[in-house]
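There are 2 protein chains.
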Amino acid sequence: MGGKRDSYTTSELRHDWLADRWVIVAPQRSERPEDYSHVVSVHNDSSDCPFCCGHEFETPGTLASYCSANPVGSKSWQVRVVPNKFPAVNGLRYRVDASHGLASHGPASHAPASSPHFPLTVPIDSEAVLSTGIDLYVRRELSGGHEVIIESPLHLQSLSQLDRETVGLVFRAYRDRLAYWRCERNSSYAVVFKNVGYDAGASLAHTHSQLIATDILPTEVQRHVARMEEYERIEGACLFCRMLAEETEQGVRIVDKTARFTAFCPFASRLPSMVNVVPNQHSSSFETLNEVELDELAWLTHRLIRRIERCYPKAAYNFVIHTAPIHKQNSTAFHWRMELFPRITKVAGFEWGSDCYINPIAPEDAAASLRTVGL
Amino acid sequence: MGGKRDSYTTSELRHDWLADRWVIVAPQRSERPEDYSHVVSVHNDSSDCPFCCGHEFETPGTLASYCSANPVGSKSWQVRVVPNKFPAVNGLRYRVDASHGLASHGPASHAPASSPHFPLTVPIDSEAVLSTGIDLYVRRELSGGHEVIIESPLHLQSLSQLDRETVGLVFRAYRDRLAYWRCERNSSYAVVFKNVGYDAGASLAHTHSQLIATDILPTEVQRHVARMEEYERIEGACLFCRMLAEETEQGVRIVDKTARFTAFCPFASRLPSMVNVVPNQHSSSFETLNEVELDELAWLTHRLIRRIERCYPKAAYNFVIHTAPIHKQNSTAFHWRMELFPRITKVAGFEWGSDCYINPIAPEDAAASLRTVGL
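Residue numbers (the working numbering), protein chains in the order written: chain Z, 1 to 375; chain V, 1 to 375.
Rather than coming from a laboratory, the hints here were simulated on the basis of the structure.
So the derived list for chain V, only partly shown, Cβ under 7 Å to chain Z, looks like this:
hint, residue
1, S11
2, R21
3, A26
4, V39
5, H43
6, S354
7, D355
Restricting the straight-line Cα-Cα distance to at most 20 Å, the calculated cross-link-like pairs of lysine-lysine (PhoX-like) are:
hint, chain 1, residue 1, chain 2, residue 2
8, Z, K314, V, K346
9, V, K314, Z, K346
10, V, K346, V, K314
11, V, K346, Z, K346
12, Z, K314, Z, K346
Glycine included, each C-beta is placed from N, C-alpha and C at the ideal position.
With the hints as extra help, turn the sequences into a complete structure.
This is how it looks when you write it as structure tokens:
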């Protein structure tokens with residue numbers, strides 16, 4: 001593929017097998033003229049930042065905190081986990097509200113309040129549905145948690161500004177909180193994610209990550225699990241183990257690697273310069289990482305973010321840790337992964353309408369830029 | 001539901017039956033503090049705008065043009081359709097490139113070059129796949145078209161600035177170009193969409209829409225078709241016909257209506273203040289609209305955009321026209337619809353990771369604001 005460089009100047013379709021989604025790779029789109037520019041302003045006054053050291057009373061109570069082996073001055077914590085003050089997830093019990101005017105039949109109303117096996121999606125062809133009709137207005141309460149991992153007592157704005165010890169503590173916090181939710185009654189799904197900058201959906205600038213745990217498994221996650229299990233059934237191997245071997249052999253999409261982890265740009269990335277980080281040995285669950293592995297992954301992530309910040313100065317970015325859903329621990333089909341991506345394009349009408357993304361940077365080109373940038 | 005107003009102050013899950021996707025409605029999220037603000041600058045010099053009257057030579061040749069019944073001055077066109085100079089879609093033949101190092105087996109390589117029935121997705125459990133293995137690196141050329149509908153010879157920036165006659169001509173252009181692609185050999189799918197403003201993914205400010213036609217049916221569109229057919233099979237009725245009856249009875253999510261069309265905020269909107277516009281009588285295909293219907297819809301859309309611009313000044317917005325895929329014309333299950341939505345929130349890490357959206361405005365509240373705003 002390396003020798004066919006000129007093939008990247010016209011559009012092509014690539015198939016993302018996991019998501020069963022076509023992506024349009026269209027490098028010529030990046031030559032478009034641009035009438036718009038934007039300037040992001042950051043309110044950057046640490047004196048009223050609720051995440052800064054000394055403002056602990058402005059957040060809900062501490063769920064976990066982590067100290068440096070060599071604390072500087074009076075700082076009693078280096079990383080701190082608190083409940084989100086404006087949670088997206090709340091409620092402790094199931095509820096079906098029939099006040100919308102349709103009868104409250106349908107699967108939701110059949111779930112006992114305490115069932116940990118609440119149906120994950122609304123089936124469309126079961127006998128129950130056939131006999132009662134499809135309810136287009138199913139609603140219920142959402143049970144789970146929404147937490148904030150504050151990554152420094154100082155008013156820093158990117159994980160790349162943390163020292164090696166602190167970024168290791170941040171990844172310990174991810175591991176510990178995911179492990180906590182794995183044991184929580186009714187949990188189905190927990191995800192750690194990070195939004196940095198305006199275009200990535202951040203609201204506060206102080207460097208932080210978030211965890212959301214829910215009692216439902218989102219439909220798309222459930223589809224991905226089914227695809228990985230289907231791959232294993234047909235191929236007798238884990239999808240990402242196989243892909244990793246192939247990526248290593250081809251080499252053109254590799255960005256960085258360590259003894260235990262590999263970072264590469266996926267063949268059918270829907271967003272430009274997206275990077276996947278996966279463990280080299282099969283593992284379903286991020287929360288089983290030991291201290292040495294966490295430190296190695298944390299520092300690799302730090303380096304990947306520096307690569308992104310060098311290639312795309314001031315770009316907003318996100319990352320997401322996809323660990324196995326609660327009921328799929330120790331799955332031989334599910335390989336945990338981290339997705340990391342700068343937010344350098346906008347999602348426009350075509351993508352919203354079709355879920356078919358136009359990526360203006362060929363993943364091979366993105367990987368070459370990220371791999372070779374000076375750090 | 002109207003009497004339960006206080007229920008919208010905590011999160012709840014709502015199920016979007018069509019997309020089989022849970023949405024989190026979380027009004028309390030809109031109270032979050034915000035460190036970021038942004039200012040969009042528009043390069044607004046019509047002297048170098050390729051879409052302005054007098055610059056026709058800067059775009060590829062005209063595909064269609066529409067004149068006013070009462071032309072002003074020397075303007076020879078009022079609405080003009082041209083190929084996109086930086087198309088996302090190109091290529092005229094299928095191609096499978098095996099240079100990625102894996103054998104080029106798998107479904108893609110079996111498609112004859114001229115087949116209009118190229119498999120729409122890569123099947124995962126067919127015998128062909130079982131015998132040849134799953135190819136994780138399927139790529140092919142993309143055949144189709146990418147067009148721009150220039151909505152005025154003047155340097156205007158929103159469809160809401162057009163007069164009634166011109167917005168009618170714009171909708172005629174949509175109808176005619178969709179009808180053109182419906183007859184094109186190998187076409188599977190065509191979509192009209194509009195991006196206005198930086199956050200909506202626009203690159204040029206001069207008011208315009210786009211059409212993309214492809215020889216594949218995007219997987220998500222195919223899923224929606226399957227859900228609508230499943231609904232019809234179980235319920236013996238069209239999903240949107242049924243939903244429209246229910247929305248009309250409940251009333252709380254209705255934004256606007258005319259004799260032939262209804263605009264409402266969907267019960268499980270994944271984006272805040274999203275509006276669906278649907279024909280009151282079942283119709284699968286936008287391109288079958290007659291002149292009177294087009295004029296009525298065009299002016300309703302104009303009014304809806306003014307409502308959005310009054311409620312969310314300077315907000316970017318998109319709309320998308322979902323007409324039946326080429327092979328589903330005259331479907332009794334597929335009801336065409338238009339989705340219109342301001343871009344007032346960002347898609348963050350959680351949404352990218354889970355495809356589960358957090359909507360901070362309850363659709364009932366969004367509809368009330370849009371319905372009652374002064375025009």
